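> Here is how the chains run, residue by residue.
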Amino acid sequence: MSAFALILQGAVEVVTNPMTLLYLVVGTFGGIVFGAIPGLTGALGVSLMLPFTFSMEPTQGITTLIGIYVGGVSGGLVASIMLNIPGNAAAICTCFDGSPMAKKGQPFRALSYGITASLIGGLLSGAVLIVAASKLAHFGLLFGSWEYFALGMMGMAVVVALCSDDMVKGFISAIIGMILAMVGMDKLSIVPRFTFGYYQLSNGMSELAVLMGLFALGEIMVQVGGLGKKLETVNTEERRSVIPAKGAFAGLWKTILSSSIIGTFIGVLPGVGQSTAALIAYNQAKNTSNTPEKFGTGHPEGIVAPEAANNAVCGGALIPMLTLGIPGDTITAMLMSGLIVHGLAPGPLLFDNNTEVVGTIYFSYILACILMYVLYILFIRHFIKILTLPMNYLFPVILLMCLVGALTANNRIFDIWIFVAMGFAGYIFHHVGIPLAPMILGYVLGPTVELNFRTAIMANRGDLSSILSHPIAMGLLAMAAIMAFWPVISSWRRQKTQEV
Amino acid sequence: MKKMLAILLAALLVLSLGACGNDGTAEGDPKTSDAYPEKAITVIVPFSAGGEHDLTARVVAGRLNEMFGWNVVIQNTSGDVAATIEYMNGDNGDGYTLFMHSPEVMSSNYASGLLPEAYYKDMIYLGNFVYDPLTICVAADSPYQTLQELLEAAKANPGTLNWASVGSGGLNQMNAENLWNIADVEFNYVPYDDASKGRAAVLGGHADVFHSFAGGAKSTVDSGQLRVLAVGSEERLDYWPDVPTLKELGYDVVTGLTRCWDTHPDTDPAIVEVLTAKFKECLDDPQTQQQLLDMGQAPTWMTDEEMHEYGEYYYGVYSDILARLNAEE
Chain A
0 MSAFALILQG
10 AVEVVTNPMT
20 LLYLVVGTFG
30 GIVFGAIPGL
40 TGALGVSLML
50 PFTFSMEPTQ
60 GITTLIGIYV
70 GGVSGGLVAS
80 IMLNIPGNAA
90 AICTCFDGSP
100 MAKKGQPFRA
110 LSYGITASLI
120 GGLLSGAVLI
130 VAASKLAHFG
140 LLFGSWEYFA
150 LGMMGMAVVV
160 ALCSDDMVKG
170 FISAIIGMIL
180 AMVGMDKLSI
190 VPRFTFGYYQ
200 LSNGMSELAV
210 LMGLFALGEI
220 MVQVGGLGKK
230 LETVNTEERR
240 SVIPAKGAFA
250 GLWKTILSSS
260 IIGTFIGVLP
270 GVGQSTAALI
280 AYNQAKNTSN
290 TPEKFGTGHP
300 EGIVAPEAAN
310 NAVCGGALIP
320 MLTLGIPGDT
330 ITAMLMSGLI
340 VHGLAPGPLL
350 FDNNTEVVGT
360 IYFSYILACI
370 LMYVLYILFI
380 RHFIKILTLP
390 MNYLFPVILL
400 MCLVGALTAN
410 NRIFDIWIFV
420 AMGFAGYIFH
430 HVGIPLAPMI
440 LGYVLGPTVE
450 LNFRTAIMAN
460 RGDLSSILSH
470 PIAMGLLAMA
480 AIMAFWPVIS
490 SWRRQKTQEV
Chain B
0 MKKMLAILLA
10 ALLVLSLGAC
20 GNDGTAEGDP
30 KTSDAYPEKA
40 ITVIVPFSAG
50 GEHDLTARVV
60 AGRLNEMFGW
70 NVVIQNTSGD
80 VAATIEYMNG
90 DNGDGYTLFM
100 HSPEVMSSNY
110 ASGLLPEAYY
120 KDMIYLGNFV
130 YDPLTICVAA
140 DSPYQTLQEL
150 LEAAKANPGT
160 LNWASVGSGG
170 LNQMNAENLW
180 NIADVEFNYV
190 PYDDASKGRA
200 AVLGGHADVF
210 HSFAGGAKST
220 VDSGQLRVLA
230 VGSEERLDYW
240 PDVPTLKELG
250 YDVVTGLTRC
260 WDTHPDTDPA
270 IVEVLTAKFK
280 ECLDDPQTQQ
290 QLLDMGQAPT
300 WMTDEEMHEY
310 GEYYYGVYSD
320 ILARLNAEE
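Quick mapping for you: the protein sequence lines, in order, are chains A and B.
Quick note on numbering that gives the first Met the number 0: the first sequence kicks off at 0 and runs consecutively.
Quick note on numbering that gives the first Met the number 0: the second sequence kicks off at 0 and runs consecutively.
Bound-form chain B, shown alone (with noise of 0.2 Å):
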């Protein structure tokens, strides 16, 4: 009896040390691959639960398990650029830990400085899950049916109008410089450390337009309480028909932002493959689709080339933007 115990013992040791040996020279073996994931994959999401990119990776993380079996795990923390520079010195190449990080914010802090051109250049991204326009809102009692109308009152009396969003020298005001470049008109950017803050605002008179993702503002929008004059999307939303896209009205521009899940530079590209692939059949699913919409937030899948040259574009566009407003300070 104690025999076959040893036994048993020396062999499963065998068995262990051969598993450490196969972690050793795992690089671009596929049998590596075809075993994952062996174990839990955390996904670290630099926002607060409850948030809107919180919801989304939990939905999706919810429907990997179903689908796949999986065991993903979302563990929130907070300040993405601390978050950022913490993902990418870690050890965290092994696929096991993601990120939740868009190409247009780090183009953003990339543009001002905040993170460099490595982090920038080398992030993977496991394609795209949803993609939230971004809408020009206006209180329901407000002058303004058309965005039309609101832009001819702007370039009536300009930097009068008051822009209400959140932060200021971050995307979203880039995203609305942008825009009112292409128009060629200029509002009064205020600022509000919260969206619901300036949502509020809007609402109660402060401010003349809310400028917000779609997610944020499809409650207040469905409920009468906020008009949605246009919104940033490619093709107009499936829940907002009448809706139209700043494209459709002339304005040549695509904004908004992508909600996705990226993996370290060093991560063995067959579990990039496995991921990706993964990732796209869960998203392709009628269930996902369908919980995503329930939110507000829009299934858009998008290749890592296609996140990398969307990151590029607005990369572009942000610097534009900055050398501007430094010249102009």
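Chain A with its partners taken away, still in its complex shape (with noise of 0.2 Å):
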């Protein structure tokens, strides 16, 4: 069945079923909800939703999902701009430049352009979905150990760019995420690593409760200490609108492009992830600007990379998912047992047995995007009068939301004081100039870079040549050397130029 078919077929299901419509939309909405308040994500969210959606339908449950999905990913962003503190992992890179800018007085030219963004991210990526999404699943089979370890260490060059002004705190950091990470059960052998005879610890250290210690309690015990100011109050000559401006988004549609490609690609690829997609946009972006000494200012162009890049991992993971059963990330995986709980098992045969099904992803996939976009324009008005509540009621409104989520996701007490020492540890860190961000690369691309070179070592028999008959892997090395170097090449280059 040709793909515009399929998607005519899932729209004539999901339009003449007002349910189905309306599970979409509120779940667009919880998904934005979730994702927006810093210590509930959109993976708790669509976590907590699946057993409902096991009674319902399943067009009826998989639509919910994707709606909290979508919404999920970009609902990060709103955090990340008014209070300097990620939504979600996906959003750590748009508090770079979204913050400055809001604190510039510009909170709804700033939110504009991550929600725009994070449209065309997520409307792109769905269109590659639709049109390539068989040709693009098989590409990403070719990905093996190898090709993830060297994808992992081309994740981890980006430190390099992070934090061009101190490269040794960069790298003390990264390697205190990849330390964090390591704690816990090891995934290939079961054997407790850094544990200290704890089992509590034998469980790892998890994401949200790390993510959100360091970067939402430790955030607001740097901010408490402005507690009883007044805040900047925001600047009323601004357009009060989140539809962008008429050629505000001039010069940007390269980034953009770049970013959702990188997003698409690093979906299809599984167990990467959103915040991987973020970060390498986030650097691509400066590498290739005209303008990089702008970037961390409030530079536009570092708003949309990462909001482009990580909508768009969304479209890219529905791929392996759909053509071949194999999740993208986190969340995929969950959408996946939605439909296997009710017998439909994703993978080729879903195309030839249950078109509606395919269709309806399809269909709620792009509407979600659209929805969500909508959404914005007629909420933002109310997101953005948190700028305007003091600092002492809304801190402790988000700490509770932290330590709720922080026990929601696994469900064991212990992860809160681990969200506390984290909380400590990111205050400690913030005071002795320790950048955070490469901290959290360390944390995700740990694991990705150690356990692929063990599985690939393992694989060739402890043959550590073997990496060199792996043309893709070379190649991705090869990039990771170019952006670890690059700083050193482009003063290079600008030398030149000068002398010249």
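Worth flagging that the hints you see were computed from the coordinates, not collected in a lab.
Misleading hints may appear alongside valid ones.
[What the hints assert, rightly or not] Straight-line C-alpha distance at most 20 Å; calculated DMTMM-like pairs for lysine to aspartate or glutamate:
#1 A:Lys186 <-> B:Glu176
#2 B:Lys38 <-> B:Asp265
#3 A:Lys134 <-> B:Asp140
#4 B:Lys120 <-> B:Asp267
A quick note: this is a predicted structure, and the numbers were derived from the prediction, not measured.
Using the hints, put the two chains back together into the complex; each one sits in its own frame.
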């Protein structure tokens, strides 16, 4: 069945069924709210909602979950821009430029860049999903352990770009992140590592607790220093709309397009995820920008790059799920089980036997992206009021939400202690000038690099040189090297042009 | 009016006191088990939402709620070793907090020293829901059409074919080593951190054999991307009538994973009886069976005794393999 016929069938399925449409709207809105509140994430929303979809019609269930997925990934940008606290891991990079722009009195402008980039990234990857799903999925299968290892190394090279001012502290931070990720039962050899005899630690440091501890609790402790002070009033001169002004996107299309491609591509590769995509896209935008020095000061390119990339991952991650039955990230793994429980196993058979399900997924994904944009336009006035709230009301609520999120993710009180400990650590790191972004990169990518390296070595019976016969891996490693030495290369190039 | 209210309140108080007293002397009292369950039953599933354990648990919970009007709630957590310790250390003997953990996992964790002997011995298994047999799969374009051909190739080049599975040193590797032992062959064991990554590796030609539970391989096999050469169940699976069992092929082993709910050793035996009976009734119901089969899970009832025997058998197997693996190192 052609892609067009599929999406038409999905459109009929969704539009003729008002309940499905309603679930999609509610799911998308719920996703945005979950994404926007630090401590609650889209992944948490999907895992909480998943059991309820088991009793729904399969298409209604999957539609609800897709709404939460799309809304949840993009929702993180609101907190990043407004509070300098990322709403989820995918929105960490959005803090870098989103928050400075909001502080300069242009929160609407920052939000409009982020939201519009999310829409475009989501739609572009959706188009790729519909047109080229099966071809791309088979491309993804070319990636073995060596290739994932090399991709992880490429992501790690971003550390260099993230902290070009103080490289040593950047590396310290990345290594702390990698060590944090190693705590717990080793996934390959079931040996507990760094647990110091505490069985509670054998479960590892949960991602939500680590992330929210470092970023939310740490940032709150830093900002609490200014408690009681009146917040900077929002510039009333600004256009109070998130619909981008005419010409606002001039010169940004190249960044949005390349970030969307990066995001879609990373989505296709199972297990890499939104936060890595956003970081790589941010780095790529900075490296290829004409004005790299403006990054970190509220530069539009620094907002659109991560936001286009993280939403593009969603469409990309649906590709291996639908065509091969291999989930692209943790949320798509849950979407899959929402289908499996109804006896609909994702994979090539779905395209033969259950075209209405495939069509519904296509259509509801595209519709969710558009709905997300519409909902932002309708409700952003209320979100923006957050800025006028005094911190002594806002922070306790955020803290409570973080505690709820840290607890709900694993139903384990111990994770709350991890959250608190990471909060104090984040505060200390802030004061000794250790940047947090490389830590998250180390935390997220450390296991990718380590586990794939070990698997690759084992699959090749200890032969390290086997990587030489993997051209994709070698190519990615070469790119990692270029990225790592880019600051040196570009300063050398600048010198040369000055000499001429 | 006020008097009436006072009397009512007093009556309520006495009644609730009575209820408390009842709780204290509940041990062995048939009345408690008659009224069981009086409130929601929580089942701790130490695996993430959406996994095969979780889906099995949720289907059974949904059927229990529909059939008996119970309120069974699934609570996911992660890290099965930590969760087992927490469950066994906790005050969970009232029959309202159950746990999802399989005897062979317990055996493997006990054999490798991660869990103490008392847990292994004392855990009460409330019957078994499904048996998910191990399957041996190859990619559709692989040259090996039968298990015989695969094993002969492995014999000709010992330790060169890549055997993709999840994690090393645990249940999966010991099951693989056990099978190789029985067949007298040697593969190169390659652990992945997640079953779907192992599957992707085999589909992409990075590994030769995919060693997976049937439930996790079913959709990929049914769509023709993977070819299943053998299953580790006692009898052929209803949904793959053409796939031979290992036993039929001459390898005397039944290998796979039970998915069941357990309860704390302190639980009142009368409640254990009620739960076991109701679970059996639920599993015998055709609708439950159909829902489980739809997900690729084969309903297979076992009693607590059979579960312990099964665990005992695997404890022996795993101890031998661990001793051998340690000797090699």
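> So, for every hint listed, does it hold in this structure?
Checked hints:
1. A:Lys186 <-> B:Glu176: 19 Å, holds
2. B:Lys38 <-> B:Asp265: At roughly 19 Å apart (the allowed maximum being 20 Å), Asp265 of chain B and Lys38 of chain B satisfy the hint.
3. A:Lys134 <-> B:Asp140: The hint holds at about 18 Å.
4. B:Lys120 <-> B:Asp267: 17 Å, holds
Consistency with the previously given hints is maintained throughout, with no hint failing.
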